[in-house]
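Protein chains: 6
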Amino acid sequence: MGTVAPPSDPEADPRVKAVFDDIRATRKSDFVNNMWLWLAFDPDLLERTWAEVKAVMATPSALDPLVKEMLYIAVSVTNGCGYCIHSHTASARAKGMTEAQHADLLRVISLAAKTNQLATALQVPVDAAFDANGKQ
Amino acid sequence: MGTVAPPSDPEADPRVKAVFDDIRATRKSDFVNNMWLWLAFDPDLLERTWAEVKAVMATPSALDPLVKEMLYIAVSVTNGCGYCIHSHTASARAKGMTEAQHADLLRVISLAAKTNQLATALQVPVDAAFDANGKQ
Amino acid sequence: MGTVAPPSDPEADPRVKAVFDDIRATRKSDFVNNMWLWLAFDPDLLERTWAEVKAVMATPSALDPLVKEMLYIAVSVTNGCGYCIHSHTASARAKGMTEAQHADLLRVISLAAKTNQLATALQVPVDAAFDANGKQ
Amino acid sequence: MGTVAPPSDPEADPRVKAVFDDIRATRKSDFVNNMWLWLAFDPDLLERTWAEVKAVMATPSALDPLVKEMLYIAVSVTNGCGYCIHSHTASARAKGMTEAQHADLLRVISLAAKTNQLATALQVPVDAAFDANGKQ
Amino acid sequence: MGTVAPPSDPEADPRVKAVFDDIRATRKSDFVNNMWLWLAFDPDLLERTWAEVKAVMATPSALDPLVKEMLYIAVSVTNGCGYCIHSHTASARAKGMTEAQHADLLRVISLAAKTNQLATALQVPVDAAFDANGKQ
Amino acid sequence: MGTVAPPSDPEADPRVKAVFDDIRATRKSDFVNNMWLWLAFDPDLLERTWAEVKAVMATPSALDPLVKEMLYIAVSVTNGCGYCIHSHTASARAKGMTEAQHADLLRVISLAAKTNQLATALQVPVDAAFDANGKQ
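Residue numbers (the numbering used here), protein chains in the order written: chain A, 44 to 179; chain B, 44 to 179; chain C, 44 to 179; chain D, 44 to 179; chain E, 44 to 179; chain F, 44 to 179.
The set of hints was computed from the structure by calculation and includes no laboratory data. Glycine residues also receive a C-beta, built at the ideal position from the N, C-alpha and C atoms. This list has only true hints and no planted wrong ones.
Sample of chain C residues with no beta-carbon within 12 Å of chain F, all distances over it, derived:
id, residue
1, Asn76
2, Thr102
3, Gln144
For lysine-lysine, the following DSSO-like pairs were computed, each having C-alpha atoms within a straight-line distance of at most 27 Å:
id, chain 1, residue 1, chain 2, residue 2
4, B, Lys138, A, Lys138
5, F, Lys97, A, Lys97
6, E, Lys138, F, Lys138
7, D, Lys138, C, Lys138
Facing chain B, according to a computed beta carbon distance under 10 Å, are these residues of chain C, among others:
id, residue
8, Thr121
9, Asn122
10, Gly125
11, Ile128
12, Thr132
13, Ala143
14, His145
15, Ala146
16, Leu149
17, Arg150
18, Ser153
19, Ala156
20, Gln160
21, Gln166
22, Pro168
Bound-form chain A, shown alone (with noise of 0.2 Å):
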């Protein structure tokens, strides 16, 4: 299935193929997932987005590369996209997620689902404890 035709022959647009190319370097592999070439049906959008991606996901920043992927996840499961929850599970396995962590996300993720339903639907307010401006 899908939404749009990924095209036959993605590298031959030049602006494809320095996005592949910069993917395969990033990740030393010759890998390139579907998403990367369904995004190339627009070389603006692949550019971009791929851009954005390294940026936040492959360059060292406060948080480490497997929390990272693990709070991709948690989005990601959340939000229902089934892509993306293959996708970040096989990228955080890749970067030494065990299954005791897998089972640890997967307990924390579901239990955040429940107690957020019950604080909704109970309409609690919020404490002005946490109000991060009444302490400035």
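The hints should help you fit chains B, C, D, E and F onto chain A, whose structure is shown.
Quick look at chains B, C, D, E and F alone, frame taken from chain A:
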């Protein structure tokens, strides 16, 4: 606001008092936030919810306590639970989250929401390489 | 707050007055809640929305009126619609929802959100036994 | 598909076997659906999840078992969890849900989603009459 | 898959046949897509749903038909409804959506999801200038 | 409320001042709304977010500026982001959205949410005719 009226003297109920005492002991703080006060309208629901939150969030496990708080925030933001975002951001700060880490958390969860939309809009098929079952 | 300004004298418009009169008659109450006042900025949208709410929620059907209110709450909580949670919790109470039923409702909808996360995170394949079409 | 590989011989683990035996005994059926097989990758997560599902869904409580299944469907549809929709629709049918009740369920949950959008788009302020705390 | 079995000979029911005939006449096409076939399990639900879709989507109104299809896609992507994304992307193309417009649509809806996360994570208070009621 | 305290003198930071100046110049208005003030807690996040919003929303592209605002509203309503709904409804009005167009927008996005629920609840299989890849 709120959809239930929390009990006016919650600790008059010994089951509620036992939970509140355990919250204070576990957190080494006198502060019991509104979530627990509102849940006290049903002592069974209060007991079960606290028992699970304590087991998952306040017990050493495969993931770091701060990482677990950030995962909680990621889910709560995606679900739009204002109360939960406020309370878990406060907890993450109490566990040492820096401003740089907070900004990085926001970069990751907002990028994840963005690429979730792209993968979902394109209905990108999952790569066979991501199927954990194919690898058994 | 609000993204439209509700009409200052809504019942000056005969189409709005007719809807408000029908709301009062159907509910046997003088109270017209804000939802209808805000929708009155467009009489056609007001008429169609009320007609559908009346047909589904205020007309005898295969499900009990209180069950229908609790289903409404379940969807509204999952979508995070604060207004809807408040108004339908009030309606459910008016139709006899007890505190024990309210707590049970919260147990079910929070557990459902939790196991939704687990099934989605694991991308569990649907059992053939659940396919209604296979049984034709 | 799937993000974990379920164990090839799950009942070789006595903790998994005990849960599966209890599922079969509780449901009076030999069928153990995929959700539990996939959760078996982590016996602790399996045990806790089943214990909670059994306590909430398979234990007499303030709400009727069929009503609880329909609430589960309402949340699962709103969260877009295909697996959960299939499994709980099958459970609801097994507990007696008629076609007329199924259609009525769909009428209510789709109308709720619709009016959620309207109230949220208009940012309708909550009526004071709906505040449970104002009535203490 | 599917949670109901669509009727094997749907047009044997005159109410279903009348709806299907109107779908074909309105769209000037022999193709009746699966959504309507599945809804035919309950003729009343089928009739009401088609009547509303026809009134909103196939009747001249303040917004252009293609704009309405793109709005439909925006909601469907955000809700993660795969069926709806496929069917409304096909409809938008049939109404003239170009590849450039499709890419632009994806740029806007993915950016919106991203900044929704940021505003929600920061719990930014609404500016008084945005309150339509303050301007009455 | 808020989960960060915005800087008390944001334009003392030259990076923040440059962004705020560009916002004012792009919009031809002195008004800088709270979103940017709150994002100023991290100048890098502020710069990147504004750069992207400007590129997508304030640069001529394949879609009309008002259409892009309405798509933004559609996503924001579906995600339940109150801040975003208020700010983009104000922007849409500033770009000429009439009351009739606003009502039509609400008709479409609420209908989409409704039929999303129906298609998801029924788990309708995607018609082969909707698969863009089959047509390559």
